[in-house]
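Enquirer: Sequence:
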Amino acid sequence: MDMTPSRELLRLQAENERLKRIAADAREKLDAAMDGTGLCVWQLDIITGKLIIFNRRWGSMLGFQPKELEANFEVWKAHLHPEDREEVLNNFYDHLQGRNHFYEVQHRMLSKTGKVTWVQDRGRVVEWDEQGVPLRVMGTHIDITQEKEYEQALSQLAHKDPLTGLLNRTGLIERFSQLQQAGEFTLCFIDLDDFKQVNDTLGHRAGDRLLIQFTERLQQQCPPEVVMARLGGDEFVLLLPWPLHDARTRPLTAACIHCLDQPFELDNGDAYVGMSMGVEGVQAQDCFGDVMAQADAAMYQVKRSGKRGVSYHEPPSPAQLGMAQPLESPVSSI
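According to the UniProt record's numbering, the sequence shown holds residues 1 to 334 in order.
Derived pair list, reagent style BS3-like, types lysine-lysine, alpha-carbon separation capped at 25 Å:
hint	residue 1	residue 2
1	K148	K77
2	K112	K77
3	K148	K115
4	K77	K50
Calculated directly from the structure, the hints in this document are not laboratory data. Keep in mind that this is a model prediction, so the values were computed, not measured.
Please model the complete structure; the sequences and the hints are all you need to start from.
Expert: Below, the structure is given as structure tokens:
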């Protein structure tokens, strides 16, 4: 009997080998594409909790070697960031129960070393039993840590003063609104006295250095809960998270003014500046622009009275809102 393979069999074997090579090549390209983009494809068996990961990036993202981490639903839950866990699980179960067409959420995961990774997670049910109970979910998650870090860096640039690192006007307005939700607080508007003379005599570089040193002195006087901002030039704002008449207000404003008693040691000489400050109480209905205008007016009252002092503007009570004349703003020279 002739055992020589027929031409057709040889052709089919060759074709099979060719298809295997194509499939292997496609799989290599897919893995490279997924790894290059941070994409991970996953499948969850809901009944058993078994999680199949179709490339190795998930384990390495969490700081584990291949096969070191068993892929299952409980392990995944354990590595969700504590602050995100409730939102993620609620979103996932809402999809399983048919309240959402798919599961999608951005969240953080924690590696075994505590490193935080941001992921964009998305999935949907692909198999149900005869009673319509979901059996299998497939999805993807993408490592978006770099994008999140870039987004946070842009946010900081948008909200921070590049010279001093304090909040800028945009950041200040945002914090102003946040504090209003918590109740009454106090705004202090600061303008340095004789700062222009520093720029004129020692140069703008020396002026910038003085502003940096002034910021450091101010930070030493203010407790951590005080919000600090630079509006530009030599104008600064403090938001004190307590009412105007709180016992902490006057000692803190006095300490801020006295922090300028010593000269600033700059590269090309010493410089003296003072501080004029207008203080305004803020209530829930107040808008930022009006409060700033009142504090600015109070600050200029100090300037007209000889500089280096504090003027406390008293916001009108409800019974005084109909008065034609504004209340007086006492000036305290320190």
